[in-house]
Amino acid sequence: MKRRVPALLPLLATGCGGVQSTLEPHGPGAESIAVMWWVMLVGSAIVLGLVMVLAWMGVDRRRRPALGTTHLIAAGGLLLPAVTLTVLLFYGLGPGAAPHLSGQDGEPLRVEVIGHRWFWEVRYPGANGLAVTANEIHIPVGRPVEFQLHTADVIHSFWVPNLGGKMDMIPGRTNRLILRADRPGRYRGQCAEFCGAQHARMAFWVVAQPQEEFARWLALQRTPARPAEDAAARRGWNRFVELGCIECHTIRGTQADGRIGPDLTHVASRSHIAAGTLPTSRESFARWITDNQRVKPGNRMEDFSHIPPEVVRELVAFLVTLQ
Amino acid sequence: MTAPDRREQLLAVWGNPPGLGALTAVNHTSIGRRFIITGFLFFLVGGLLAMLMRGQLAWAGGQDLDFELYNQLVTMHGTTMMFLFAVPAVEGFAVYLIPKMIGARDLPFPRLSAYGYWCYLLGGLLLYSSFLVGQAPNGGWFMYVPLNAKEYTPGLNADFWLLGITFVEISAVSAAVEIAVAVLRTRAPGMTLSRMPLFAWYMLVTAFMIIFGFPPLILASVLLEIERTTGWVFFDAAAGGDPLLWQHLFWLFGHPEVYIIFLPAAGVVTMVVEAFTHRGVVGYTWVVAAVVSMGFLSFGLWVHHMYTVGLPPLSMAFFSAASMAVAIPSGIQVFAWLATLFAGRPRLRLPLIYVLGFLFIFVLGGLTGVMVALVPFDSQVHDTHFVVAHFHYVLFGGMVFPLVAGLYYWLPLESGRRTSEALGRLGFWALFVGFNLTFLPMHLTGLLGMPRRVYTYPEGLGWEWLNAISTIGSYLLAAGVAAVLVDLVVHFRGGEPRGRNLWRAGTLEWLIEAPVPPYNFVSIPKVNERMPLWKEKQLAKQTHEGEGYLASAQSGRRETFGTSTSQGKPEQVVILPASTWIPLLAAVATLAVFVGLLISEYLLSLLGVGATVALLLWWAWRAPYDGHPLTIDAGHGLLLPHQGATVQGPGRWGLAFTLLADATAFGSLVFAYLFLWTVAPAASWPPGESLFTASLWAALTGFAALLGATGVAEWGYRGLRRGLARRFRIANDVALALILLFITLQGYWVVEALPNASEHAYFSVVKAIWSFALVHAAIALLLGAFVAARVLKGNCGPERPLEAAVARDFWLFSGGLGMLAYVTTLGAPFLL
Numbered sequence: 001m002k003r004r005v006p007a008l009l010p011l012l013a014t015g016c017g018g019v020q021s022t023l024e025p026h027g028p029g030a031e032s033i034a035v036m037w038w039v040m041l042v043g044s045a046i047v048l049g050l051v052m053v054l055a056w057m058g059v060d061r062r063r064r065p066a067l068g069t070t071h072l073i074a075a076g077g078l079l080l081p082a083v084t085l086t087v088l089l090f091y092g093l094g095p096g097a098a099p100h101l102s103g104q105d106g107e108p109l110r111v112e113v114i115g116h117r118w119f120w121e122v123r124y125p126g127a128n129g130l131a132v133t134a135n136e137i138h139i140p141v142g143r144p145v146e147f148q149l150h151t152a153d154v155i156h157s158f159w160v161p162n163l164g165g166k167m168d169m170i171p172g173r174t175n176r177l178i179l180r181a182d183r184p185g186r187y188r189g190q191c192a193e194f195c196g197a198q199h200a201r202m203a204f205w206v207v208a209q210p211q212e213e214f215a216r217w218l219a220l221q222r223t224p225a226r227p228a229e230d231a232a233a234r235r236g237w238n239r240f241v242e243l244g245c246i247e248c249h250t251i252r253g254t255q256a257d258g259r260i261g262p263d264l265t266h267v268a269s270r271s272h273i274a275a276g277t278l279p280t281s282r283e284s285f286a287r288w289i290t291d292n293q294r295v296k297p298g299n300r301m302e303d304f305s306h307i308p309p310e311v312v313r314e315l316v317a318f319l320v321t322l323q
Numbered sequence: 001m002t003a004p005d006r007r008e009q010l011l012a013v014w015g016n017p018p019g020l021g022a023l024t025a026v027n028h029t030s031i032g033r034r035f036i037i038t039g040f041l042f043f044l045v046g047g048l049l050a051m052l053m054r055g056q057l058a059w060a061g062g063q064d065l066d067f068e069l070y071n072q073l074v075t076m077h078g079t080t081m082m083f084l085f086a087v088p089a090v091e092g093f094a095v096y097l098i099p100k101m102i103g104a105r106d107l108p109f110p111r112l113s114a115y116g117y118w119c120y121l122l123g124g125l126l127l128y129s130s131f132l133v134g135q136a137p138n139g140g141w142f143m144y145v146p147l148n149a150k151e152y153t154p155g156l157n158a159d160f161w162l163l164g165i166t167f168v169e170i171s172a173v174s175a176a177v178e179i180a181v182a183v184l185r186t187r188a189p190g191m192t193l194s195r196m197p198l199f200a201w202y203m204l205v206t207a208f209m210i211i212f213g214f215p216p217l218i219l220a221s222v223l224l225e226i227e228r229t230t231g232w233v234f235f236d237a238a239a240g241g242d243p244l245l246w247q248h249l250f251w252l253f254g255h256p257e258v259y260i261i262f263l264p265a266a267g268v269v270t271m272v273v274e275a276f277t278h279r280g281v282v283g284y285t286w287v288v289a290a291v292v293s294m295g296f297l298s299f300g301l302w303v304h305h306m307y308t309v310g311l312p313p314l315s316m317a318f319f320s321a322a323s324m325a326v327a328i329p330s331g332i333q334v335f336a337w338l339a340t341l342f343a344g345r346p347r348l349r350l351p352l353i354y355v356l357g358f359l360f361i362f363v364l365g366g367l368t369g370v371m372v373a374l375v376p377f378d379s380q381v382h383d384t385h386f387v388v389a390h391f392h393y394v395l396f397g398g399m400v401f402p403l404v405a406g407l408y409y410w411l412p413l414e415s416g417r418r419t420s421e422a423l424g425r426l427g428f429w430a431l432f433v434g435f436n437l438t439f440l441p442m443h444l445t446g447l448l449g450m451p452r453r454v455y456t457y458p459e460g461l462g463w464e465w466l467n468a469i470s471t472i473g474s475y476l477l478a479a480g481v482a483a484v485l486v487d488l489v490v491h492f493r494g495g496e497p498r499g500r501n502l503w504r505a506g507t508l509e510w511l512i513e514a515p516v517p518p519y520n521f522v523s524i525p526k527v528n529e530r531m532p533l534w535k536e537k538q539l540a541k542q543t544h545e546g547e548g549y550l551a552s553a554q555s556g557r558r559e560t561f562g563t564s565t566s567q568g569k570p571e572q573v574v575i576l577p578a579s580t581w582i583p584l585l586a587a588v589a590t591l592a593v594f595v596g597l598l599i600s601e602y603l604l605s606l607l608g609v610g611a612t613v614a615l616l617l618w619w620a621w622r623a624p625y626d627g628h629p630l631t632i633d634a635g636h637g638l639l640l641p642h643q644g645a646t647v648q649g650p651g652r653w654g655l656a657f658t659l660l661a662d663a664t665a666f667g668s669l670v671f672a673y674l675f676l677w678t679v680a681p682a683a684s685w686p687p688g689e690s691l692f693t694a695s696l697w698a699a700l701t702g703f704a705a706l707l708g709a710t711g712v713a714e715w716g717y718r719g720l721r722r723g724l725a726r727r728f729r730i731a732n733d734v735a736l737a738l739i740l741l742f743i744t745l746q747g748y749w750v751v752e753a754l755p756n757a758s759e760h761a762y763f764s765v766v767k768a769i770w771s772f773a774l775v776h777a778a779i780a781l782l783l784g785a786f787v788a789a790r791v792l793k794g795n796c797g798p799e800r801p802l803e804a805a806v807a808r809d810f811w812l813f814s815g816g817l818g819m820l821a822y823v824t825t826l827g828a829p830f831l832l
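Here the protein sequences come in this chain order: B and C.
At position 162 of the first sequence the residue is numbered 162 (the numbering used here), and the sequence of numbers has no breaks.
At position 166 of the second sequence the residue is numbered 166 (the numbering used here), and the sequence of numbers has no breaks.
Treat the hints as calculated values from the structure; they're not laboratory data.
There's no promise every hint is true.
[As the list claims (entries may be wrong)] Taking beta-carbon pairs under 7 Å as the criterion, some of the chain C residues facing chain B (in silico):
| no. | residue |
| --- | --- |
| 1 | Trp-286 |
| 2 | Val-309 |
| 3 | Gly-310 |
| 4 | Leu-314 |
| 5 | Ala-336 |
| 6 | Pro-376 |
| 7 | Ser-379 |
| 8 | Leu-447 |
| 9 | Leu-448 |
| 10 | Arg-453 |
| 11 | Thr-456 |
| 12 | Gly-462 |
[As the list claims (entries may be wrong)] Each pair of labels, with its calculated beta carbon distance range:
| no. | chain 1 | residue 1 | chain 2 | residue 2 | range |
| --- | --- | --- | --- | --- | --- |
| 13 | C | Leu-485 | B | Pro-309 | 54 to 60 Å |
| 14 | C | Glu-459 | B | Ala-232 | 33 to 39 Å |
| 15 | B | Glu-229 | C | Ala-683 | 54 to 60 Å |
The structure displayed is predicted, hence computed values, not measured ones.
For glycine and all other residues, C-beta sits at the position ideal for the given N, C-alpha and C.
Using the sequences provided together with the hints, build the complete structure.
This is the structure in C-alpha cells:
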C-alpha cells in the first residue's frame, strides 16, 4: 500500500463523485466518517511502511542495526499499538464522531421506513394526515430526519452512504437512525443486508430539497390519487381492478388497498420504479407489467406477459396519471 | 537387535494394510495427509466458485448467472472456504505434524482421527450433493434468520447447510480434543512446556478455541434445524423468539473462528522464521503470552459483527475497545518475527519469501481490521466490499500464504525431495500480485458504496473499473495457485532427494527419514533443548539406532509415551489401536442419521443412531490395552504402567475436553433461554398460565432420583479406587436403576408440562434444555452399563480403573447438567 496509495489518490479525488459514495459526504454523519477514513488511511500507511521497511532491513544481511531483542517487541508490539489505539478509540468513540447514532440538534422530522422483499415502504406520519410512498424519500435540507426502521419480512439494512452509516431493519424491533443532508441533491441508497433473491435491486433515492419545496412535495403526497379523467386512463383503472392489481397495491382514494407491493398513489411522481431498477416512463411501466420477471427475476409480482398490448397501453395510461 | 530388524518389526506393527485396506488406516501421517489433500481440493472448488462470481461482476449489469445460482455460489464459497478448507486444512497440518514435532509416534486417539476425517469427507460431500438437486444453500454463509427460516427458504437449501456443517463439525471438535490431549499429555520425555515448539503452543490454543468456539454454532444450527422441521420457536419474533439470538450465537462462534484459522498459520510462520534464520524466536515467552491472550480476547469480540443491529452505544464501545486490543498480541507476534530476522541469519528461500508476502498482506488486513473495529467507520463499510477486502486480506493473506510457506517447508519432509525454487518464485509473484490486484481495489469499491452479495449492479456508480481490475487480478491469482500446484505435484516425481534435515531446522520432525515411516521414530528421543537438533548433533543417530526409549515393538502393539502435563515426565506407555474398519463404518452410520434428517426419513435416522452407538460401543469395547501386562519396560530401566492401569490415561483427558465443549453447548442453550427472557416483554415470559404446577410431583421425584444416582455412583467409584470391587458393582447397579427412574419421571414431566412447544419460544427452549439433559442421562446410563460389562469381563477393575474413571467423570457431568436444568427451568423463575 505504501507504494500504491499515491497512485490511487488522484483517482479517489476524481473517481468518487458517486451518488452512493461514502467519500463524498453531504451530511455531518458521513462527513465525520470520511474524515476518519482519511486519518486512518494515513496512519495505516505509516505503520505498514514501518513494518515492511523493518522486514526488508531484517532479511538484508549486509547492514543491519542491532534490533534483534525483545526491546523491539515491546516498542513495536506493545507500546505502538497501545498508544495509537487509545488515541484512535477516543477519537472514534468521542462525542461528535457518530451524530447519526446519538441524535442531533433541532426537532427531527420523523419518517417511517419499512423494508420489504424487495422495495422500501416510506411513511410520513403527521397531524395533517399520512403520506405513504415507496423507494423515494424526500427530506428537507438542514433538518435532522429520524428514520424509524422496521421490516415486513426478513432483515434488511437501510443505507444512504452520502449521508451516513447504515442501520438494520430487524423483525420484532424498531431501530432509529438520524441523518441530515446539508446540501440539496439526489442521493442513492441501497439495502446492505443480504435479503435473498433481489437483494441486488433494492435501491432507493433520497431527495434533499429546500424546506418550502419539501413541504409542497409532502402536501401533494398526502393527497389521495386524483381520479383518472381521460377515457384511456379510466379504462386503465378498470383493467387495474379486473386484473387483480388492487389485491397487492394501494392507491389511496380508491378501492385498491393491497399491502404486498408498493403504494402507487403517486407512483408517476417518482424518478424510478421497482426500487431503483427502471427510470419512470411509459416504456418502463409497460415493460415492468409484461416482463418484470426478466427485469427483476424472483420479485414477488406476477408476470402479466399474457395480456394484449392494448390492455398494457390502457394500464400505462392510467399509471402515468398517478402524479 | 540390528537397526534394519527394528525397522522391519516396527513397520509390521505400524504399517497400513495394502489396497482397500488403506481405508482402515488410523495412523496420523495417513490421516493428516488425507485432511490436507481433501482440504486443498475443497479450496480449489471454492476458488472455482469465486472465479465464476468474479466473472459475473467484471462489468456492470452482468446477468450470466441468475440470482439463484449466484446466491448459491456466494454462500457455498464462504461455507467451503471456512468449514471445508480452512479449518480442516490447519487441523490436517496439526494432525500430520504435531506428533512428529513433540516426539510421539501417533496421536492419542487414532480411531477418532480417522472417524473425524470420514465425517469431514462425507459431510462435505453431503453439502455439495445439494448442487445435484439444485438446492444448494443460498442464504449467505452466516445463515441469518429469518431469511433462512422455513417461511423464506422453504426448500432444502438451509437444511443441507445446517445438517452438512454440523456433520463436518464433528471432525473439527474431535480433532481439537485430540490435538489438545496430544500436546499436553504425549510429548517426548524431557519436553517441558517451555521446550515445546511454538507450533504446538499455537495448536494448543487453537484446539481450546475450537472446543469453546464451535459448540455455540453447533447448538444454533441444531435449534434452527428443529425450528425448520418441527415448528418449535427460537428465532421467530412473532412467537417469542428473536432473530438476534441467531446472530449472537453465530458470531460467538464466528469471531473465534477467524483466529482458529489464523493462529495455526501464525504458528507455521514462526516455525519457518526460526528455521530460516537458524535461531529460536526472539521473545518465546512474549509469543506464548500473546497467543494465549489472543485466544481469550477472541471470545470478547463477537459483537463487532453486529454494530448495525441497533445495540446500545455503551456495549458497542466495550466491544470496540476489545476488538482494538487484539492488535496488541498481533503486534507482539509481528515484531517478534521481525526481531528474529534481525537476531538470526536469514536465508531468503521460498518459505521465507512467502512469510514476507504474508507479512505485508496480514499487516494491511490487520490495519483495516482496526478501522472496522471503530463503530462509526464500520457503520459505513459494514456489509460492503470493503469488508470483503478486509477479511480476504486477513484470511487469504493470514492463512493461505503461511500454509503455502508451510507446504514448501515441510513437503520435502514428506516427499523426500526438493521443490523447484524457480517455479516456486514464479508462483509466489503470481499469487502475491494477483491477490493484491484483486482485493486492494475492493476496499475502494466498498467505500464507493457497493454492498457485498449483490449478483449484479447498475452502471454509473463508479464501480465498473474497480470490479474489472479485481476480476483480472483474480484470474492472475488463480494462475498463481495453478503454478504452485504444478510445482508441488511435479516435485514428487522430479525433485532432487533432500537428504536428512534439508533446511537444517531445529525441531524433532526433521529427525525423521524419508519416506516418512508410519511409526515416525525408531526410538523416542529424550529432549533437553528447545531446538534439540541444533544442540545435540548425535541425536539423529541415537534415535535411529534405537538408543532412545520404546526402541522396538516387541509387544506387537503400537506404543508411545504418556507424559506429565508441564514437565514431560514419562508416566505411562500409551498402547494405541491399529488399523480398523470401525471409524469408516461409524462415519457411514452417522451419515445415515444426517441423511435421514435431511429427507425427513426419520426411521433411517433412528437406525443410523442405533448403528452409530453400537459401533462406538464396539470401538470402546476393543480397548488396545486389553489383556496386556500392567507394566511395560520402556527402555533405560524405565518401567511404566500402560494407560488402562492408571486413571490419567489420554482417554480421561479427552473426555474432560469433550465435556468442556459439551458444557459450552449447554451454556449456549442456557444463554438462549436467558436472552429470550430478557428481550421478552414483561409478563410474557412464561406466557399464559404457569407450567410449574403441572405434574410437579414427577419433577420433584425425578430430582431426588438424579441426586441419588449421582451420589451412589460416586460412592461406588471411590470404593473401586480403594479396591472394593463388590461395592462398586452394587453401587453401579443401584445408580443405573435410579438414573432410569430419573429419565422416566422427568421425561413424563416434559411431556405433561410442555404440551405444545411451537406455541411460544418459552416452551421450546425449556423443552430443548430438558432434551439436552435427558440425552446426557441416557448416555450416562449406557456408559454405566458398559463399564459394568467390562468389569464382568475382567477388563476393568481396581487394577485397571481407567474406564471406570472416565464413566465417573461423565456421571458427575450429566448429574450436574440435570441439576442446572432444574435450576434454570424450575428454580430461576421462582428466584427472580
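Checked hints:
1. Trp-286: Given a least distance of 5 Å, the restraint on Trp-286(C) holds.
2. Val-309: With a closest approach of 5 Å, the Val-309(C) hint holds.
3. Gly-310: Since the shortest Cβ distance to chain B is 4 Å, the answer is holds.
4. Leu-314: Cβ of Leu-314(C) sits 10 Å from chain B, so the hint is violated.
5. Ala-336: holds (5 Å)
6. Pro-376: This interface hint holds because 4 Å falls under the 7 Å limit.
7. Ser-379: holds (3 Å)
8. Leu-447: holds (5 Å)
9. Leu-448: Check passed: Cβ of Leu-448(C) comes within 5 Å of chain B, closer than 7 Å.
10. Arg-453: holds (4 Å)
11. Thr-456: holds (5 Å)
12. Gly-462: Interface hint status for Gly-462(C): holds (4 Å vs cutoff 7 Å).
13. Leu-485(C) - Pro-309(B): 54 to 60 Å: holds (57 Å)
14. Glu-459(C) - Ala-232(B): 33 to 39 Å: holds (34 Å)
15. Glu-229(B) - Ala-683(C): 54 to 60 Å: holds (55 Å)
Figure legend: structure checked against the earlier numbered hints; the only hint not met is number 4.
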